[in-house]
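Student: The lines below spell out each chain.
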Amino acid sequence: MNLYPAAVEEMARALYIRALKQLPDDVKQGIERLRAEEGHAGARRVLDTMIHNIEVAEDTRNLLCQDTGLPIYNVLIGRDVVFDGVDIKDAITTGCRRATHEHPLRSSVVHPLTRLNDHTSTGRRVPVIHFDFDDAPERVRIEMIPKGSGSENGSWLRMCLPAEGVDAIKTFVIDRVLEAGGKVCPPTIVGVGIGGTSDLCMHLAKVAATRPLGSTCADEEGARLEQALGAAVNALGIGPQGLGGDATAFAVHVETAATHITLNPVAVNIQCHSARRASATLTPDGIAFGF
Amino acid sequence: MAHFELNTPVPEAQIRALRLCDTISLSGSLFGIRDATQIHLFDRGRETRFDLAGHAVIHTAPNVRRVPRCPEYPAGYAPVCIGTTTSARMERFTRPLLGQYGVRMIIGKGGLLRDSLQAFAELGGVYLAIVGGTAALETTWIEAIEDVDLDDLNPESLWRFRVRDFGPLMVAMDSHGGSLYDQVRDDAAARREAALATMGVHT
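Residue numbers (this note's numbering), protein chains in the order written: chain A, 1 to 291; chain L, 1 to 203.
Keep in mind that a hint or two might mislead.
[As the list claims (entries may be wrong)] One-sided excerpt, in silico: chain L residues whose CB lies under 8 Å from chain A:
1) Cys81
2) Ala88
3) Thr139
4) Thr140
5) Ala194
6) Leu196
Please keep in mind that the hints were generated in silico from the structure rather than gathered at the bench.
Glycine residues also receive a C-beta, built at the ideal position from the N, C-alpha and C atoms.
Using the sequences and the hints given, assemble the complete structure.
Tutor: Written out as structure tokens, the structure is:
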């Protein structure tokens, strides 16, 4: 199967707009579940407003949140797919720019030093594009994540020492959630990266924060930690918007990687309640959109 | 807890009457500001032709569409999606907003910090919490983009919106030293040890 840049550009354009307008079903169900379990009246009102907003966005075909985020594209390519990687990267960038002009969307992307915004939602090394490969013969999956800044500012890395053990990891996560308070638009998905190098650890935290609700860590120890941290985080009482309540996080997601004998890194990356993502799968039969 | 329907501009006495957890709906003018707006106003010496005295500002950078000026779109912009950003990044601008411009209400999400709370008490101001991330709904409370200043900073320009029944907003920081965020944070900090203990971590 050939992967043509024109098809990828169209997918990249459509996915940015779709992701901003339609919340994944697992997240919608997550908010409903938290609403049903919430014990604080004020927090229930906040969750009701969030549910109302999802309905208004769908009815009016408007964006869920004004923050169009830093655009991230995760591209998963099957083994019998023929493509030119440079052309595909260009096509994704062009699709992202076109979405910004044609919708139009607010460009949330600026130069890091001059702070100038050229109103394209793109710039040097942005959109963030990750390529990965799998066994599926004739299939390409592109996932788009518009990562909002309120929650992206809730990102931390600590290079703990091996002697500090798992306790340091647990304490770091709890303290970062306390520090984030309402700034990260709770209820959140708390993404935790453990192990690897500093850069891989931070990347894993992002992977964890953007994983679908209901999924569990493939590492058994990581999955156990997800359960324990999830309960502990919600015992803090920070609540939706940091105004108090039970619903501080939908879940804590953990991703792990092997690490060096002298390292014990832990990273936290938070996803806000509007946990947006969209995906498109291209096969010889055509394009199917989903989450 | 009481509910107030306020028309802007609002006199100081009305602001002083507001208490934590009261709810507010606003009608009239509402000014949109953000990081770059305030960096230019307060750090780079730029000025605005708008009179903000007695008014509310909202921490936002909207999605807009450029359109020809007409009675419906007097500023040449149509709203696409307008919502609220995290306030704490802009903490250091609270005092000059109140002191130099006479702003009385700051609308945002996530709360402001200690210096803002003191500024609210000294100068007569409140922080009104909106539910962050609910911009589609918020956009329905905005009737028009009436005017815009510092337009070169788009989307972080100084926007003047016309609003009707904007809210409900909750008084989350009042002019009497009350902060709902401080209360929640102190309560959460008091639960920290117990939360860690559930995972076998003893401090």
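Student: With reference to the structure, classify each hint as holding or not holding.
Tutor: Do the hints match the structure? See the list:
{"no.": "1", "hint": "Cys81", "verdict": "holds, 4 Å"}
{"no.": "2", "hint": "Ala88", "verdict": "holds, 5 Å"}
{"no.": "3", "hint": "Thr139", "verdict": "holds, 6 Å"}
{"no.": "4", "hint": "Thr140", "verdict": "holds, 6 Å"}
{"no.": "5", "hint": "Ala194", "verdict": "holds, 7 Å"}
{"no.": "6", "hint": "Leu196", "verdict": "holds, 6 Å"}
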